[in-house]
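> The primary structure of each chain is shown beneath.
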Amino acid sequence: MSESPRHGRVHERPSVTDPETVARHREYWRRNIGYVGVLLAVWFTVSYLCGIVFVEPLNGLELPGTHFPLGFWFAQQGAIYVFVVEIFVYVWLMNRLDREFQVDEGSDE
Amino acid sequence: MSVQAWTFVMVGVSFALYIGIAVWSRAASTKDFYVAGKGVSPLANGMATAADWMSAASFISMAGLISFMGYDGSVYLLGWTGGYVLLALLLAPYLRKYGAFTVPDFVGDRYYSQVARIVAVVCAIFVSFTYVAGQMRGVGIVFGRFLEVDVNLGVAIGMAIVFFYAVLGGMKGITYTQVAQYCVLIFAYLVPAIFLSILITGNPIPQLGLGGVDQATGTPLLERLNGLHQELGFAPYTSGVKSRLDVFFITAALMVGTAGLPHVIIRFYTVPRVRDARISVGWALLFIALLYTTAPAVAVFARTNLIASVDEVPYSEVPEWFSNWETTGLVSFEDANQDGLIQYVGPESALTNELTVDRDIMVLANPEIADLPGWVVGLVAAGGLAAALSTAAGLLLVISSAVSHDLLKRSIKPDITEKQELLAARIAAGLAVLVAGYFGMNPPGFVAQVVAFAFGLAASSFFPAIILGIFSKRTTREGAILGMISGIGFTAAYIVFFNFVRPELNTPEHWWLGISPEGIGTLGMLLNFAVTVVVSRITPAPPAQVQVLVDLIRVPRGAGEAHELHV
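Residue numbers (my numbering), protein chains in the order written: chain C, 2 to 110; chain E, 1122 to 1688.
With the rest of the complex left out, here is chain C:
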């Protein structure tokens, strides 16, 4: 390929019928779904469970070292911190996965 994919007006069809590539892409997608599932479970736990559903019982506890009722802290501070960390974890996991399955966009671009 003379043109890089990024700038490309490349119209050749990718070889999606090649069974080896198809299997590789399918496995890549399965792993991706796995990551997304786990991260969304964490997302749901810190916001909807800790911050809303179980906020009352958690408010009986204090965040160690501070005077935050724990449930309130999750709802107004903690969940947001976890969200930020989750996205960076996802980026790291996916960049690794992209390289492992040779579907990354390369660093020379």
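Think of the hints as simulated: they come from the structure by calculation, not from any bench.
Just so you know, nobody snuck in bad clues.
A few chain C residues that face chain E, going by a derived Cβ cut-off under 7 angstroms, partial list only:
1) Ser48
2) Gly52
3) Phe69
4) Ala76
5) Gln78
6) Ala80
7) Ile81
8) Phe84
9) Ile88
10) Phe89
11) Val92
12) Val104
Glycine included, C-beta positions come from ideal geometry on N, C-alpha and C.
Position chain E against the provided structure of chain C, taking the given hints into account.
Only chain E this time, still in chain C's reference frame:
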């Protein structure tokens, strides 16, 4: 230098900066105009997204809202940040890989249907217009309060600035001005918050001060505030009064709505690669979190300060900021029992409340409450304007690209040249500014309410169509169209019924399952998902090229950008 002079200087310098950036980053092509040439660095895109996202409401009203809602205010904090996790994990990388210019572009191609494209265009324009009118209003209000300029003149000045950089620079101009606007607004938000935190808790980091000890009494700050609330007959600050179910549904509607708002989604089209799209969501949320974790601290500081400085205080001895803001009508006192003292009490108190406080005052009056220098007041004004202008510009771009690209180029007149399309985009942006300005000057009574509902509408229309388009190859044109129509139709009907048809029934006893109109978008979204999945099972599978397209979207590397396959 007087406060007013400082305000003119701060606002003037920031406006000159925006205009300078606009001149430097003019758009030369439609690619520049729609997606900034796809050459924005992830860090800059993160900042621009944060400015795009945080509107006049986030900057001016949110801390005040939380201040009065206490725990219930969490719906905004969780809802307006958690949506970014959905964006990063489920939308941004795939939409970037697809590589189109607009959201209806993707919907139209993925669902091989002009009808789907038009439905998406109508949803995008509707959601964006309701939102943008509120921003222009915000610009007018900031001008009115800080510079004592007429609100309409304020809107006109704001329009002129946005017109200049949106029409000239398109997405490119907007992106780089938004980067500058983020810096202005976050600095303006943090400075007074840090001062207040030191003043009240002795800790310079507001996020930690919130969980710290109140210096005046030596008790933990939140415990003190709960105590004050109890004394005065308010619900405890850290508990709230809304039902758990409603809090759950409102949070979900705001989260999913955030991930479905077109002006947020298109920001991730502007970066060079898929991996850049992923990480720029991370930067965006980090920059947003800086303000969103500070806001609840500001809310508590301001609330404690307010109660401590006015309750049972003789009216003749109120602090100076109180009298200053009284003239604007944002604070008002009526001595019901004629004792000369201010009684500020809640619904469960035996006494009559005598004080009315507008929520916007919590941020706007902060510098004065904390006795900060005049330049900080000017900074807050410039920050509020930055927040309103940056959001307005992003929304205007969605409207103009929906008209010039989705309607004109992709539907009505596909043979127009690049130059003609760029001209059309500029004209559409210009007209959109004028319409937005008109609504800013003559706000229909329902604008404020409708802005809050824009999220429910976005959640119940776009989100399921895009998610299923990526994650389920079997999703068909018929499924997506019926899903979008039923989702947004149900949500809009519920909202309209309780707010405009029978507003007297808008109380928890009458709501369906106890879900408020703010939270109903979540149910609308579930309905959309259900309809789309069921209809897709019983209609013919999408054509083979579309399934190839979906396969291509799912992997970062591939031949060209996915949309160039011309399915």
